[in-house]
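Asks: Listed below are the residues making up each chain.
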Amino acid sequence: MKKLLLFIFYFFLFANPTSAFIEVDITRGNLDPLPIAISPFYVEPGSKDIQQDGKIIQNIGEEISKIIEVNFKRSGLFNPLKKDAFVQNPDIAHAKPRFEDWKLIKAQALVTGKVTVSEDKIRTEFRLWDVVAAKEMIALAFSTTPNNWRRVAHIISDKVYQRLTGEEGYFDTRIIYVSETGEKTQRFKKLAIMDQDGANVKYLTLGNELVLTPRFSPKNQLVTYLSYFRNLPRVYLLDIETGVQEVVGDFAGMTFAPRFSPDGKKIIMSFAQDGNSDIYTMNLTTRVVEKITEHSAIDTSPSYSPDGKYICFNSDRSGLQQIYVMRSDGSNMKRITFGKGLYGTPVWSPRGDLIAFTKVYNNRFYIGVMRPDGSGERLLTENFYQEAPSWSPNGRVLIFYRETKSDSQGKGFSAKLWSIDLTGYNERMIETETDGSDPSWSSLLSK
Amino acid sequence: MTRSIFLSLVFHTAMIVLTALSLPLMMKTPIDLPPIISVELIEISDITNIPFAPKARETLEKIKKEEERVVSEQAPPAKIKKEKPDRIPLPEDLNKEKKKLVKKKQNPEEIKKQIRQVSEFEKKELFDPNQIAALIDKSKKESADTLKKNQKLTQSNVKTSFVSGLTLSEEDALKAQIFGCWSLPLGLPYQENLLVRIKLRLQPDGTILKSEILDHARMNKPGQGFYRVLAESALRAVRICQPLRVPPAGYDRWKDLQLNFNANEMLKG
Numbered sequence: 000m001k002k003l004l005l006f007i008f009y010f011f012l013f014a015n016p017t018s019a020f021i022e023v024d025i026t027r028g029n030l031d032p033l034p035i036a037i038s039p040f041y042v043e044p045g046s047k048d049i050q051q052d053g054k055i056i057q058n059i060g061e062e063i064s065k066i067i068e069v070n071f072k073r074s075g076l077f078n079p080l081k082k083d084a085f086v087q088n089p090d091i092a093h094a095k096p097r098f099e100d101w102k103l104i105k106a107q108a109l110v111t112g113k114v115t116v117s118e119d120k121i122r123t124e125f126r127l128w129d130v131v132a133a134k135e136m137i138a139l140a141f142s143t144t145p146n147n148w149r150r151v152a153h154i155i156s157d158k159v160y161q162r163l164t165g166e167e168g169y170f171d172t173r174i175i176y177v178s179e180t181g182e183k184t185q186r187f188k189k190l191a192i193m194d195q196d197g198a199n200v201k202y203l204t205l206g207n208e209l210v211l212t213p214r215f216s217p218k219n220q221l222v223t224y225l226s227y228f229r230n231l232p233r234v235y236l237l238d239i240e241t242g243v244q245e246v247v248g249d250f251a252g253m254t255f256a257p258r259f260s261p262d263g264k265k266i267i268m269s270f271a272q273d274g275n276s277d278i279y280t281m282n283l284t285t286r287v288v289e290k291i292t293e294h295s296a297i298d299t300s301p302s303y304s305p306d307g308k309y310i311c312f313n314s315d316r317s318g319l320q321q322i323y324v325m326r327s328d329g330s331n332m333k334r335i336t337f338g339k340g341l342y343g344t345p346v347w348s349p350r351g352d353l354i355a356f357t358k359v360y361n362n363r364f365y366i367g368v369m370r371p372d373g374s375g376e377r378l379l380t381e382n383f384y385q386e387a388p389s390w391s392p393n394g395r396v397l398i399f400y401r402e403t404k405s406d407s408q409g410k411g412f413s414a415k416l417w418s419i420d421l422t423g424y425n426e427r428m429i430e431t432e433t434d435g436s437d438p439s440w441s442s443l444l445s446k
Numbered sequence: 000m001t002r003s004i005f006l007s008l009v010f011h012t013a014m015i016v017l018t019a020l021s022l023p024l025m026m027k028t029p030i031d032l033p034p035i036i037s038v039e040l041i042e043i044s045d046i047t048n049i050p051f052a053p054k055a056r057e058t059l060e061k062i063k064k065e066e067e068r069v070v071s072e073q074a075p076p077a078k079i080k081k082e083k084p085d086r087i088p089l090p091e092d093l094n095k096e097k098k099k100l101v102k103k104k105q106n107p108e109e110i111k112k113q114i115r116q117v118s119e120f121e122k123k124e125l126f127d128p129n130q131i132a133a134l135i136d137k138s139k140k141e142s143a144d145t146l147k148k149n150q151k152l153t154q155s156n157v158k159t160s161f162v163s164g165l166t167l168s169e170e171d172a173l174k175a176q177i178f179g180c181w182s183l184p185l186g187l188p189y190q191e192n193l194l195v196r197i198k199l200r201l202q203p204d205g206t207i208l209k210s211e212i213l214d215h216a217r218m219n220k221p222g223q224g225f226y227r228v229l230a231e232s233a234l235r236a237v238r239i240c241q242p243l244r245v246p247p248a249g250y251d252r253w254k255d256l257q258l259n260f261n262a263n264e265m266l267k268g
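Quick mapping for you: the protein sequence lines, in order, are chains A and B.
Residues in the first sequence are numbered consecutively from 0, following numbering that gives the first Met the number 0.
Residues in the second sequence are numbered consecutively from 0, following numbering that gives the first Met the number 0.
Take the hints with a grain of salt, since some may be wrong.
[What the hints assert, rightly or not] Reference excerpt, derived from the structure (chain A facing chain B, CB under 10 angstroms, subset only):
hint: 1; residue: L33
hint: 2; residue: Y160
hint: 3; residue: L163
None of these hints come from the bench; they were simulated from the model.
Model, not experiment: these values are computed from the prediction.
Don't be surprised by glycine CBs; every beta carbon is placed ideally from N, CA and C.
Between the sequences and the hints, there should be enough to build the whole structure, so can you do that?
Replies: Here's what the structure looks like:
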């Protein structure tokens, strides 16, 4: 009996012997952008037309899908397929797509949607489909005022981007920059703000005072920037929502290169007196000023790490301008750049893993990134003159400005905003009405 | 008493066998997917994840040691070394071994370097004339096998070459096919472990009967959202690629296939 029991026990233990299976390592794939089909959104019958700036927007569903398409194309991670090849009507595709048809045009993902516009409301619903697995990945609906329709398109782009890449998007954001007009020798500089795709430009100052280096708060819609008052640069604060602006402190010397701390409660900046500049912070609630560095060299362009524990800045204390990292109280200072040339305008990535910088070497300007310990330096782009990188809120894209060479009379000069992603391959100019410089990217407007 | 225990055992066995046989049949019927899903459906195959019994592992290690003694100087890599049937490759191991092999495709200089490194790598590897023979002409496989036996290789060694399943050219054909289908999500955090293991049960024509992500628990962990995206991209690659380029014969050898998708190599540097 015992034997029989043992036999049965062993029978079950080894009855299904693990068949030897083969392991194959796949260590390569293609880095081609993901083919995605964005079907025009279906507009429900009876929907009202949307009027914006005196113009009637004819087919809101198509416009929304176009904005998503442009966003994805610019990101470099997606390849939106041409709409001519789409065979299924938007309304049917939104209900239940025929995946075989979409597979035929090599789409791997599909975005469909439906728009309903009533008197004071626009309701937009979208679905993201995995064409290959023939299943739905995400479905959401948004309700807002009709004038916000562009933002809805950006929010949908963010949601799809997040679902397909695993990281937060950056489409529902704004960029503040300095709009420039006039001859090179006599430039008028105004503060301007626009959506990240270049739409909805608004000018915030009149252009009678020179403005420089606007920087967004990572927490809210506050902006700090530099403006000249009686020929002295001063740091200002501007609330974009209310339009209220104020000067930050009243110092005897020059204040410049302001930037917010990650919690938005402090401003870190340079303060120059008698030819020596050091780094200071100011608490925005208590207005208490604290000196962080104390050195006879020029310390400037400070930027916090996203956890607020460290500060990177550039200094010429070694003789040439280089980047340094220290604790937020000024201790434990370390030089991190040792390469040839000059390094400046360090900006810590919102992800914390990289520091972006401008490098000048052999009279050429480079925008690059490196790890916070100075290792892994990668130069992303090279040009005649370019500087001031600013990170997208997800730490994947950098925006900066580039100037062209001009002749002795200042002709042929232009300044344009450009973006480049971390791969260094996806470099694009952002169309603006006027010339632009010193861009700064906002955080996501909605989370 | 004995009789009743015996009867009970017989009936229980019958029940278990019946369930085991009928369950896969039920699973074959296509499931109509509900309209809104936010959860990934994963089919759990009836084969366990344990590749070998501990005893087999010991034998394999012995064989490996034996093989190391027969090292020669100018040979292609031994296929036994490439596939590690006895263990699941840790990401660090993969990194160590293949760091030099795969680089960005855009840089032609790098590719040259890669070729050089491959040949250096090969020198250190085991030389097995039988495999060259097998590579050149599959029809010579049999005679090669006989030769192998003559060269005082143990019986278990022959078994290993059976276990490793695909010849280099077969494996390369499969790899090349999947390389082309796999669109890597570019936003992955490159300092994380980016290894996705997918187990497949194939049909004789190379189409996929079942697919399973082995570390699927990681997909729903907080802060690992990228892993879900990566796993989905790997699964998509396999589905786009099917039917997979498998050898026309020897279905039993390759019907169970594990693909280890490792994105770390691609995204580094």
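Asks: Hint by hint, work out which the structure violates, then give me just those numbers in ascending order.
Replies: Violated: none.
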